[in-house]
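Engineer: Listed below are the residues making up each chain.
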Amino acid sequence: MTVVSVHGLGKSFAGIAAADGMDFDVENGEIFGLVGPDGAGKTTVMRMLAGVMRPDRGSIVIDGIDVLADPEAAKQHLSYMPQRFGLYEDLTVDENIRFYADLFEVSRKLRAERTGPLLAASNMEPFRARLAGQLSGGMKQKLGLICALIHTPRILLLDEPTTGVDPVSRRDFWRILYGLREQGVTILISTAYLDEAERCTRLALLHHGRQRYCDTPERLKAMMPGTLVSFTSRQARAVRDALEGQPGVLGLLLYGDGVRALLDDAAKRVPGLMARLASAGLDSEPPRPAEPGIEDLFVALLKDEES
Amino acid sequence: MWQRLMRMLVKELLQLKRDRWARFHLIVPPLVQMLIFGYAATFEVYHVGTVVLDRDNSQESRELLSRFSFSDRFRVVRIAHTDAEVAEAIDHDDAALAIVIDAGFAQTLRKGQPAPLQVIVDGTNSNTALLALGYLNLIVERYSSDYLADSLVRAQAAGPVQQPVRVEIQQRPWYNPDFNGRWFFVPGVVGSLTLVLVVSLTAIAIVREREVGTLEQLMVTPIRNYEYILGKTVPFFLIGLAEVCLVALFGSLWFGVPFVGNPFILLLGTVLFLFSTLGIGLLVSTTARTQQQAFATNFLVLNPMFTLSGFSFPIASMPQALQWLTYLDPLRYYLVVIRATFLKGVGLDLLWPDMLGMGVLGLVLLTVSVLRFKKSLD
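Quick note, the sequences are listed as chains A and B, same order.
Just so it is clear: in the first sequence, position 20 is 20 by the numbering used here, and no numbers are missing.
Just so it is clear: in the second sequence, position 84 is 1084 by the numbering used here, and no numbers are missing.
The set of hints was computed from the structure by calculation and includes no laboratory data.
The reader is advised that the hints may include incorrect statements.
Facing chain B, according to a computed beta carbon distance under 8 Å, are these residues of chain A, among others [to be verified]:
hint	residue
1	Val-52
2	Ser-79
3	Tyr-88
4	Asp-90
5	Leu-91
6	Asp-102
The model shown is predicted, which means the values in this text are computed figures rather than measured ones.
For every residue, glycine included, the Cβ atom is placed at its ideal position computed from N, Cα and C.
Could you put together the complete structure from these sequences and hints?
Structural biologist: Put into structure tokens, the structure is as follows:
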């Protein structure tokens, strides 16, 4: 069942498109990622989905409700966590939760039932009486998530929720997201971290305000032109320099234990490249095929587009 | 709706309770300002520095000058002997007024002719100069009539004389028999302090939410515009009421300003006045994106309102165009209401136009700002 449907969505500021040609459908229970570098238009799309910014073009339907026609009705179905911590720093954790529960008209009884598990799942129980302003960055984001979840929305919009968050809190955060997914909550998350992108069921890659590709991480990786191989060497830098500009080499990425090379045709090119390394006096095992990550893909796809 | 509204109110009050800066600023500075205004803001003139030059040195001239020495309106700071000394005293700001009696003063008087008295006044501060001249006139007039009476008594001893006819002024100052300037200022301070406080608090409170990002989070909740605005303004309405009570009580107890009117009429006026001040605060908040902008706009809005309110400058003396402009100033109406209830004790039969003025202004301002307030980021 499609719960979020976006078509031809666009928004311009002072004549410059901050987002354009956004087209995607999100199914129930997905974790859908909007992935791209800073300035790709992720926040603009999120704000339009949340109904706090009016699009110039296109349509958004959330849970069967046309967001442009009736943004207030859509708000009962979704929850939005802006990139910047938007809770009251001079209120305590408990008071913030109570505030958002009352705004969504959650009854006192339901609030009590939901607050406990949410606090427990995020390891926030000991900090209930602490002022939000005195929480660490990661705890603030978890509090934001709790406040966003107190009215059990069907759709959760998270704008770069883990930016600047420590690894432990980030892991907690994702564990909560997986738990929500099991409960049937649909999650739209924007991120600039490509390792997080791999955790999503499907991704839309955004660049310069435009949507480039949209598919599952696996299928996106399959779109990778050519094959990825990895040369293991202790002289990684020298290996990269030696392979630079060789025929058939589409891209090179330096890793800790060697170099990853994107080749147009591995079988045809590898012998020549090995010879090249040998003549440069560099020892290397024959390259092994490598599993591409989203990062490799992103770099390759955007490079492909520019050329 | 009630759940959301009540929670908004509880939240605002909690935040206010935690905000030590705000708690301090709501109580101490208003009282300090009341004290400063009560003591410093007075148009009365005392101890005007005076230099005298007596070229006559007669019994008459000394008698006239001694009246200045005994008056607490004037203080003789120097006895000059030349014109240059007089000029120097005024140039150096030692004196604001010079009294010069030329030789022959007494002789002319004795002949029964009008004797000239030269008065030089420093017109830099025109207000003080005019008031000082007024007091000087009083003293000289008193002297003249005493002199006349004396010579009449002497003349009557010689034979019957016709009394000169005179018009005598009998003053009956109502409401403030001693012309105590504080009685005029203290109620005015209550109004102007409340205006500044409520407008800035309201504007800043909303703009701060926009600036720190809490408003963006609120926008995605089902909270309605009017719920948010009520939640933001009702606390400041209550604060405004408390502030009026605090400052008015303090001012009238400390300075002994009488309150002869009906407190409920003042309460009604205060409520209407607060509506318009909240409206102004909201309107400012819809035009500003940052707290700095709100501060700047507040300053631009509040200063003219203060000047045009009749707090210190009489509206009747303003050019006609500015007089019309004063009708847009809620403080103008409130000052009428608060002064009238404090000092005159008049009722609604006379104050209704001012109540109506504030009511209409408040309604228009609140409507415009609620319409302008958008629950979105564009």
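Engineer: Does each hint hold? Answer for all of them.
Structural biologist: Hints and how they fare:
no.	hint	verdict
1	Val-52	4 Å, holds
2	Ser-79	7 Å, holds
3	Tyr-88	6 Å, holds
4	Asp-90	5 Å, holds
5	Leu-91	6 Å, holds
6	Asp-102	4 Å, holds
In summary, this structure violates none of the numbered hints.
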